[in-house]
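There are 6 protein chains.
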Amino acid sequence: MSKVKEFNEYRLRMNKTILEGDNKVIKRLFSVDTMAYDPGALSSKTKEMLGLVSSLVLRCDDCVKYHLEKCCQIGTSDAEIHEVFSIAMLVGGSIVIPHVRRAVEFWNELNKIE
Amino acid sequence: MSKVKEFNEYRLRMNKTILEGDNKVIKRLFSVDTMAYDPGALSSKTKEMLGLVSSLVLRCDDCVKYHLEKCCQIGTSDAEIHEVFSIAMLVGGSIVIPHVRRAVEFWNELNKIE
Amino acid sequence: MSKVKEFNEYRLRMNKTILEGDNKVIKRLFSVDTMAYDPGALSSKTKEMLGLVSSLVLRCDDCVKYHLEKCCQIGTSDAEIHEVFSIAMLVGGSIVIPHVRRAVEFWNELNKIE
Amino acid sequence: MSKVKEFNEYRLRMNKTILEGDNKVIKRLFSVDTMAYDPGALSSKTKEMLGLVSSLVLRCDDCVKYHLEKCCQIGTSDAEIHEVFSIAMLVGGSIVIPHVRRAVEFWNELNKIE
Amino acid sequence: MSKVKEFNEYRLRMNKTILEGDNKVIKRLFSVDTMAYDPGALSSKTKEMLGLVSSLVLRCDDCVKYHLEKCCQIGTSDAEIHEVFSIAMLVGGSIVIPHVRRAVEFWNELNKIE
Amino acid sequence: MSKVKEFNEYRLRMNKTILEGDNKVIKRLFSVDTMAYDPGALSSKTKEMLGLVSSLVLRCDDCVKYHLEKCCQIGTSDAEIHEVFSIAMLVGGSIVIPHVRRAVEFWNELNKIE
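Protein chains in written order, with this note's numbering: chain P, 7 to 120; chain X, 7 to 120; chain Y, 7 to 120; chain U, 7 to 120; chain L, 7 to 120; chain F, 7 to 120.
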């Protein structure tokens, strides 16, 4: 569990530090970031998968972890997650593979906890 | 209609030219590309939206057009497409906006035809 | 002048179309986008140059044009603009050069109008 | 022939305009750019293919065209070029495909002229 | 202080190793890299902020650290740095956020030392 | 030797985990990935250098390591590797430098083992 916990603690602590900088633009961007994944015409689950695939093709490990955790909480199956990975690898190429390795590892840790 | 038609004609003609090069790796990649969007644990519609958002954040206009056309054929509402756009803009930043401009234009043309 | 005018007309028309989609996240992102370049601890001119260099290294021609126009309106010298270009080319590499070609062309058109 | 000619004329004209800006950093970068493809431990042909594949995965059409022309002048076979394309598509993913379409078209035009 | 020191020691040691490879192109690129941030039409401070925002949108943590250190040495306020961060996040999207987290952490360490 | 060994063990272990997910698209992509570097019109050595330069400009450390190891096994000289680095740095810009630092370190470790 430690990897998941460690990731979340660092993220929350540094987000707090960033927001203490009291920059209006940054604050607004953080609040839009939360709002964007609220259910609307698309479900939260679909939106989290959209966030996940975008993070994978842009190769941002921390963003991938964040969306994997949300996907796990909402209830996304292994097969669904692998299909998201497959599209990321297809669209983004073999450079996405190392990020998928770390994503699979984190996904398995998340599912051990639940 | 001409923009949609022109786009498709160029794409199909050049894909044919690429495949005539008879490179085994390229042929396999083209065939995996088709297979990846087949329905599985996720529906074709969800997969096309995953392809669309990936193309937007990676800022590939032609890929965006391709997935918009698929989304249109499968039946995706304006509100759903705008939510895909919103996540692409959030994750990928304001540099995605010019691509969303061209995407909206193409989307509207696709819907005029139908 | 036509290139500058054409660019602006398309941008404004399509921004309007995007906003008519009435997506709350997109609307917020557009409004933050405007706010970010307001003078604060840094002047608008410095901020526009920051926007310009970011657009160049991310290789978004339309974003480059937008910030060049702002830089021109605020009063930025040729030498200053070339120094922004030089840092973009250094940080982003030779793939930035084709975008600098189009940027110089647009910059010269902007300055002819003024 | 017009597409190749047009590309070269624009490139040369705008490079001249950029260099007239008389920025020392830009001048140095242009001169290193030429030097980098001179034969050394690796042949010019290998280096041009390295430049080509880099341009493809970074998806810069103008850079792709430039290196294709060099590869054509040096003498690179269709099969070799397709293998460069295949690695670009594998490493960079399906978003590279639209750039390969335009690359194949330009490559065929270059070979018609010779 | 250890994080800053460790970063600098590794950077200097490996730069030395790279230059020992005695490649002419690499040597020139290193020397242009230094020259580009010298004051000219723009001040060193503005240029370092341009380098910082470019590194953030291209998401290179080591480059970010390098420019943060320069910004700190030259004298850049917290509010100014946060405005650079805000533009990076706006232009580059939410995938820039994890890099801003690490940047804020490094910035705070730099300022503790001074 | 530990860094090289550690890298390979993690890569092989996680590739196995990914493939156990039994996703057809992912399996095909893994098998095309292997095939692409087989000798054809171009030698394996040239193809590995193409893979290396692509990985460098796309800034994927793990992909860089993988291709460096292959280049080492096939027999690539220090001078050749530095020329690949030089083109990557030229095309991809100074943001590639931190990745070249780690690449040189790994390359030297690989050569100590042999």
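These are calculated hints, taken from the structure and not from any lab test. Incorrect hints may appear among the rest.
Given that identical chains are not distinguished, each listed pair holds provided it fits within a single copy or across any two copies.
[Claimed, not checked] Below, a list of computed lysine-lysine pairs in the DSSO-like style, where the Cα atoms sit at most 30 Å apart:
1. K118 - K76
2. K11 - K51
3. K9 - K51
4. K22 - K118
5. K30 - K118
6. K11 - K76
7. K51 - K22
8. K30 - K76
9. K22 - K11
10. K33 - K76
11. K9 - K22
12. K33 - K118
Note that this is a predicted model, so its numbers are computed, not measured.
For each hint given before, does the structure comply? Return the numbers of the non-compliant ones in rising order. Violated: none.
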